[in-house]
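Colleague: If you want the building blocks of each chain, they are given just below.
Protein chains: 2
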Amino acid sequence: MQAVLSYLAKNQARFLEDLCAYVRFPSVSAQPQHSGDLHACAEWLVRHCKSIGLEARLCPTGGHPVVIAKTPPAPAAAGKRPHFLVYGHYDVQPPEPFDLWTSPPFEPRVEGRSLFGRGTTDNKGQNLAHLIAVEAYLKTNTPLPCDITFVIEGEEEVGSKSLGEFLLANKAELACDAVVISDTGMPSKKHPALTYALRGIAAFEVILHGPARDLHSGMFGGTVDNPAMALCQLLGQLRDKKGRVAIPGFYDDVKPLATYERKQFARLPYKESEYKKLMGVRELFGEQGYTAIEQRSARPTLEINGLTSGYQGEGSKTIVPSWARAKITTRLVPGQNPAKIIKLVCQHLKKICPPSVRIEVKSGHGAEPYLVSPTSPHAQAALRALKSAFGCEPVIIREGGSIPIVNSFKKVLKADALMLGLALPDDNAHSPNEKFDLDCFEKGQLMSAQLWQELVK
Amino acid sequence: MQAVLSYLAKNQARFLEDLCAYVRFPSVSAQPQHSGDLHACAEWLVRHCKSIGLEARLCPTGGHPVVIAKTPPAPAAAGKRPHFLVYGHYDVQPPEPFDLWTSPPFEPRVEGRSLFGRGTTDNKGQNLAHLIAVEAYLKTNTPLPCDITFVIEGEEEVGSKSLGEFLLANKAELACDAVVISDTGMPSKKHPALTYALRGIAAFEVILHGPARDLHSGMFGGTVDNPAMALCQLLGQLRDKKGRVAIPGFYDDVKPLATYERKQFARLPYKESEYKKLMGVRELFGEQGYTAIEQRSARPTLEINGLTSGYQGEGSKTIVPSWARAKITTRLVPGQNPAKIIKLVCQHLKKICPPSVRIEVKSGHGAEPYLVSPTSPHAQAALRALKSAFGCEPVIIREGGSIPIVNSFKKVLKADALMLGLALPDDNAHSPNEKFDLDCFEKGQLMSAQLWQELVK
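Listed in order, the protein sequences are those of chains W and U.
By this note's numbering, the letter at position 395 of the first sequence is numbered 395, and the numbering carries on one by one without gaps.
By this note's numbering, the letter at position 340 of the second sequence is numbered 340, and the numbering carries on one by one without gaps.
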């Protein structure tokens, strides 16, 4: 192991260059104009994986390609070894709004111990840390105690549709003991974390259609419903004053938090003043009866992600807009089912929509919530690797985000996910000025290098 | 008068050519790239006015020029005569979206009795009808019974700022007995109309500020208010189920409709099925207790003109948006004051806004509602001219739109406006495929020719 560790220590400058090269691809999966960039990014990954000694290939799919990279076959003498997958994604969130970025999102910039750029923390930096750990083994000819297959996809930010199909088609090749994923967070550099639960998601769009075209509000206003007002009145009914989602049946299947979980959460680092500062708000607002940590990780929500209607330019335009649209996502917790929730929400919206507008509801992607035991042998091994790399006691946490594909790993490969996130709370994932902490990058590489040893103990 | 009438009858083909020449100028005041076209159009007008015998000049302003054209001084023997202004505007609305036009907006095209083109009805055709009537007097040496000054501006579609200043600076020259304006509508060719009231307007923007940046809805959602949801809940409270604006005091100053007005309106041509078709809606929605004609012309409204928040592109983006904005205008009716209404709305919004978001309200432009007696001697004269030109009984109407400059005429010149609109409901003012009806053009000329005789009776 000494060779591995010193290889890691010696090559940090080059690892950073590799990460910058990776971040420069504007691999925005939600925006069709970037499909060429996604392909180029996947090809770069394949070349990079080959250069560090992996057997890599680009796998075309119905959407963006999947990159598969495997450690070379073990010498026959080694016999059958455990096989682990490392999952990551090379696609990123849209960078908009551009004007809020201090430096261009796809021109990585180092400031202190932070690397700024879209995708630095979510997920290119975290993903690359694992590749680097394996590179250190391969380049120093240190024998790995297991087989490792990297599965790096290009559709995580838009629902992982192609990877789901890919898993089904490549079940045998991908059969494994567990899936290692660094695509979650840690409360602080002193609290490296194993994530044992994720929220699920259900996405949809609501469009209210009014007049056939934008109407002159002077000539027609007063005789026809305004779709923007109708939308406000419709959506305003979806949340009550206690911060609860006001859709009948929404909470029916929610598995209540166990007492030991609430106790664990109460021990996590949290300062309301710092948390408010992190988000830039004067007041918190959430479901009554739960702490902020519980609200953000273990309770379901309904969020309006975007509103669009009528005139949005300078000054004013006196119209009754022809239509109004909202993009909405619900975050779901263990017990809830996205398909059921989408049905529930659609039915409710249609029921309460007034006849003066025509409602159209488009359901988008869904992902089931995820829950795994934090006390399994694999989980214990992961906690030891975290402790050794970060030099302090790790914590177990639930995370509020979703990684839809973990459910497919469970269903198709029967493999649990070991989620060892390297993102800090202020990394601005999905926001302007996304960054990745270079200490987390380095310690993540160490953690990954240790992990393979711990997992086979 | 026979000479005037036969001059009009003989020269329709040439009048149409003049109108086409006028329409060919893309005099779009809202778009800076057209300022040269506005200037060229004003210069064309000056030349045209001179060619028909008026004393015309181009008056530079801080914005687009004003054209002033006066009938030649009366012979000294005539003594002091009444003086009327004819107001019009040579600027037009933006033609966008171009793809919805059947033929190019600035290449006038005749089809049946319609002339298609941007500005044909609003306001070049209506405006030119008055110039033609005076031309007929001057070219046939028929003595006019009054002095007439044409005031034709280039900023009506963007708020008439320069004309307001021009009126103040040229008060003495423009002192008059009344201002004749053809820039409104008539219910049908069988219902020539005198408009005796206009709605006013008050514009503002509401912005709710939440977190300092867009937040990952998985990592933070549940602990912080969503400004888009807060905006929906806020704005949703501004209109009740009966279609009334739910702001305390909003209706306090509304002058109720007189019984004779409601009787008049009930006689106006109106078919619900046709009106719905015109707007492209399945159902009407408006303030209970009023007919559609009353709702659209004589009752105040509050309309959301635009909504903006968060992600608006393809697919979904799982964020809690940092802010949400609505553009709002209220249409006001006689009795209401825009400044007072803006204050009322702002205060109410601030009062009901929850502390979990920060509210910012920006007040925009305002215009007072307008009301003039439909039974004054001038109004009676106008009704007689309408009846004689159109050959049927005229109606008196209120119009739902605003012509802010009428308030300036009243304040600065102490002159009432006689609004004799020639636009039909399907003329598509402000919309693609704007047209002007050539019967209205011809009868408008007749009406204008008669009007000067009737006004001095």
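If you are wondering where the hints come from, they were derived from the structure by calculation, not from laboratory data.
Take these hints with a grain of salt, some might be off.
One-sided excerpt, in silico: chain U residues whose CB lies under 7 Å from chain W [claimed, not checked]: (1) A212; (2) G221; (3) V361; (4) K362; (5) S363; (6) S402.
Here the structure is a predicted model, which is why all the values come from computation and not from measurement.
Glycine is no exception: its CB is placed at the ideal position from the N, C-alpha and C atoms.
Colleague: Compare the structure with each hint and give your call.
Modeller: Cross-check of the supplied hints:
For U/A212, the interface hint holds, the least distance from its beta-carbon to any beta-carbon of chain W being 2 Å, beneath 7 Å. The interface hint given for U/G221 is met, as the beta carbon of that residue sits about 5 Å from the closest beta carbon of chain W, less than 7 Å. Hint status for U/V361 relative to chain W: violated, with the closest Cβ pair at about 14 Å, above 7 Å. Given hint, U/K362 at the interface with chain W, is violated; its Cβ is 10 Å from that chain's nearest Cβ, farther than 7 Å.
This hint is violated: U/S363 has a C-beta 11 Å from the nearest C-beta of chain W, more than the 7 Å allowed. Evaluation of the U/S402 hint against chain W yields a held restraint, the C-beta minimum of about 6 Å falling below 7 Å.
Going through the hint list in order, the structure does not satisfy hints 3, 4, 5.
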